[in-house]
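Taken in order, these protein sequences are the chains called A and B.
So in UniProt numbering the end of the first sequence lands on 372, straight run, no missing numbers.
So in UniProt numbering the end of the second sequence lands on 372, straight run, no missing numbers.
FYI, nobody ran anything at the bench for these hints, they're computed from the structure.
Treat the hints with caution; some may be incorrect.
Given that identical chains are not distinguished, each listed pair holds provided it fits within a single copy or across any two copies.
In silico DSS-like pairs for lysine-lysine, Cα to Cα no more than 27 angstroms straight-line [as the list claims (entries may be wrong)]:
hint, residue 1, residue 2
1, 339, 32
2, 104, 369
3, 32, 108
4, 112, 222
5, 32, 20
6, 20, 148
7, 149, 32
8, 269, 112
9, 105, 146
Number of protein chains: 2
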Amino acid sequence: MSRVWNFSAGPATLPEEVLKQAAEEMLDWRGKGLSVMEMSHRSPEYTEIFEHAKRGLVDLLSIPETHDVLFMQGGAVGMNAIVPMNLLRGFDAAAFVNTGSWSKKTAKEFAKYGRADVVLSNDADLGQFKAGSYVPDCGALVDSLKSKKYAYLHFCDNETIGGVEFNGQIEQIASQLAFPVVSDMSSNILSRPIDWNCHGLVYGGAQKNIGPAGVTLVVIEKRLLGRSIDHCPSAFEFATVAENGSMYNTPPTYAIYIAGLVFDWLKRKGGVAWAQAEAQRKSALLYKTIDDSQFYTSPVRPEDRSKMNVPFVLADESLNARFLSDAANRGLVQLKGHKSVGGMRASIYNAMPYEGVLALTEFMREFEKEVA
Amino acid sequence: MSRVWNFSAGPATLPEEVLKQAAEEMLDWRGKGLSVMEMSHRSPEYTEIFEHAKRGLVDLLSIPETHDVLFMQGGAVGMNAIVPMNLLRGFDAAAFVNTGSWSKKTAKEFAKYGRADVVLSNDADLGQFKAGSYVPDCGALVDSLKSKKYAYLHFCDNETIGGVEFNGQIEQIASQLAFPVVSDMSSNILSRPIDWNCHGLVYGGAQKNIGPAGVTLVVIEKRLLGRSIDHCPSAFEFATVAENGSMYNTPPTYAIYIAGLVFDWLKRKGGVAWAQAEAQRKSALLYKTIDDSQFYTSPVRPEDRSKMNVPFVLADESLNARFLSDAANRGLVQLKGHKSVGGMRASIYNAMPYEGVLALTEFMREFEKEVA
Chain A
1 MSRVWNFSAG PATLPEEVLK QAAEEMLDWR GKGLSVMEMS HRSPEYTEIF EHAKRGLVDL
61 LSIPETHDVL FMQGGAVGMN AIVPMNLLRG FDAAAFVNTG SWSKKTAKEF AKYGRADVVL
121 SNDADLGQFK AGSYVPDCGA LVDSLKSKKY AYLHFCDNET IGGVEFNGQI EQIASQLAFP
181 VVSDMSSNIL SRPIDWNCHG LVYGGAQKNI GPAGVTLVVI EKRLLGRSID HCPSAFEFAT
241 VAENGSMYNT PPTYAIYIAG LVFDWLKRKG GVAWAQAEAQ RKSALLYKTI DDSQFYTSPV
301 RPEDRSKMNV PFVLADESLN ARFLSDAANR GLVQLKGHKS VGGMRASIYN AMPYEGVLAL
361 TEFMREFEKE VA
Chain B
1 MSRVWNFSAG PATLPEEVLK QAAEEMLDWR GKGLSVMEMS HRSPEYTEIF EHAKRGLVDL
61 LSIPETHDVL FMQGGAVGMN AIVPMNLLRG FDAAAFVNTG SWSKKTAKEF AKYGRADVVL
121 SNDADLGQFK AGSYVPDCGA LVDSLKSKKY AYLHFCDNET IGGVEFNGQI EQIASQLAFP
181 VVSDMSSNIL SRPIDWNCHG LVYGGAQKNI GPAGVTLVVI EKRLLGRSID HCPSAFEFAT
241 VAENGSMYNT PPTYAIYIAG LVFDWLKRKG GVAWAQAEAQ RKSALLYKTI DDSQFYTSPV
301 RPEDRSKMNV PFVLADESLN ARFLSDAANR GLVQLKGHKS VGGMRASIYN AMPYEGVLAL
361 TEFMREFEKE VA
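Isolated chain A (complex conformation) (with noise of 0.2 angstroms):
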């Protein structure tokens, strides 16, 4: 069978020449004799590779020196635990955005080692739009914060599940907070430019963005290294895991190996800033895609669509499993949503070229004018 278009929201498609790449190295990589996965994490080959691929983030997200990138393991889930662990010293609480599925998940773990205060959440319907599917007003957010001393905001820039994204509204309060911001881009990350200024912690599973599963991406304000709690394992410690350069234990060589491939792919098809206009081209044909049908519906308020995760649903939803089957015999693949909110989604991140979103378009279409 020839590839398949892949809207999985993670793990998720990869460059074909990223995996191309990768299958002509797998037994000798550049003509040392064995394959990355066989390399020792400390010897000159792999410490190439792994610079290499740091140097890739660094650049594409023009990283700045007041901040260290590390290499984990454990994904968003394992964050959830690793960030209060590292941050909660001389505090007994943080602040959290809730803006759906999973940063309410990250509050909910953050009660294990501290008072997890929600200080704005969407848990409301608003107007047309139910809960979970919008943005909320951040306006308020920087009085009401301003006597109290949390360890740090926390928000999920962009929601894989719900499909709602935040569109720099926490950025532009970030400077008139008297803590950092701690931001899970997940889903996101790589896909519009970070302004360094306003963010302490961002943290991202690779899965969706960047590569495959079992890497997380941490970047870090280096003047919140060494506020961690007695019981932070040292693995996930975020000093120890910087001071060593992200080798304190072993790392997950060729996940970060495949990382490095698909940022230098990035850079070679034109950076964020091409990852950023493609994401808008995408996404918008897509949701205008639904807009002017009369048969699918977006749940998300328009101006707080995800660029990455678009869910939508159907008008006739016992028609989902004929929509599904149909779709993957023309080679378009995981496009059912999320046993939590039901009907269809499809994620878009950078590696989907706008060719597999026309042809999920033109399915649509034809779709809606047969059941019609």
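Since chain A is already given, all that's left is putting chain B on it; use the hints.
Chain B in isolation, oriented as in the chain A frame:
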């Protein structure tokens, strides 16, 4: 260049046929039109891959129904914290056998969570054998531990750095202890059968005897689930991971797939019985070469020598660099000893063929003649 003989201690050499299959399937797994790396961990295709890998390990090690198999992240260094966080509820201490760098590190990390009692150690010289180069006598352990209330007894079955390996001494006393035995088998798992009556918990980073770095195998007696302390992160809580079939968070999907291919390969070869015989044959050849020579010395007491990691020293240390360089010219790489012990170390895990060890010993004899 053709493939080298790679004696790295980990990440380590993998079976060539596994790498070939991985390369062939990289862009299109079994006609599904996508890479394993791109599969949703909840897709039917990946579920099949995951269950196959899990069954492979269960079959190879004859893991009984009393034990659960978990695929986790963080490696053995991560486990040094994850294990106490999972087993310390209701206890304030655990017992540790110290046989070298790894077991020392484990006890040290444990001190973040409770009292680490080192109940047996090879920290002192024993006649001609230096500290760290033998397995201490376990005979008196049962009596000395009789009245103690420990969460568990921890030992490292094979010290990767020191090259010291147990030979069943702990298993022989396990049934007489009032608490479970926890075994770090990172560097010798799958090299011999395991008597599950003697092991409450066995763990190991995969990157030595199994597959790529980034996945940690945990085999735990089910009755030990649910003993976690409050601070234990959900992503690393054995009970949570077990309840969710290792899918509470996204597992390192590709690393597990490769591990599954290695399990298939090992089954075709003849399973753990074959691996054990091969380890015996390969290590015997290498130790005999060392012992027969006037130039190489093994620092480890003969009956405690590892069948996986073989450290040795040259009579003239000023020849170390030349040894390594001449070896590399013959395609024998990663022979430099760990920085903490110096000299040489040849790691000869399951995937290192007898032929590779033969090539090494031939080179060693020639080198000795040359410099004599």
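Quick rundown of the hints versus the structure:
no. : hint         : result
1   : 339 with 32  : between (46 angstroms within a copy, 23 angstroms between copies)
2   : 104 with 369 : neither (39 angstroms within a copy, 69 angstroms between copies)
3   : 32 with 108  : neither (47 angstroms within a copy, 38 angstroms between copies)
4   : 112 with 222 : both (25 angstroms within a copy, 24 angstroms between copies)
5   : 32 with 20   : both (19 angstroms within a copy, 16 angstroms between copies)
6   : 20 with 148  : neither (52 angstroms within a copy, 58 angstroms between copies)
7   : 149 with 32  : neither (54 angstroms within a copy, 52 angstroms between copies)
8   : 269 with 112 : neither (43 angstroms within a copy, 47 angstroms between copies)
9   : 105 with 146 : within (25 angstroms within a copy, 44 angstroms between copies)
Hints 2, 3, 6, 7 and 8 from the earlier list are contradicted by this structure; the remaining hints agree with it.
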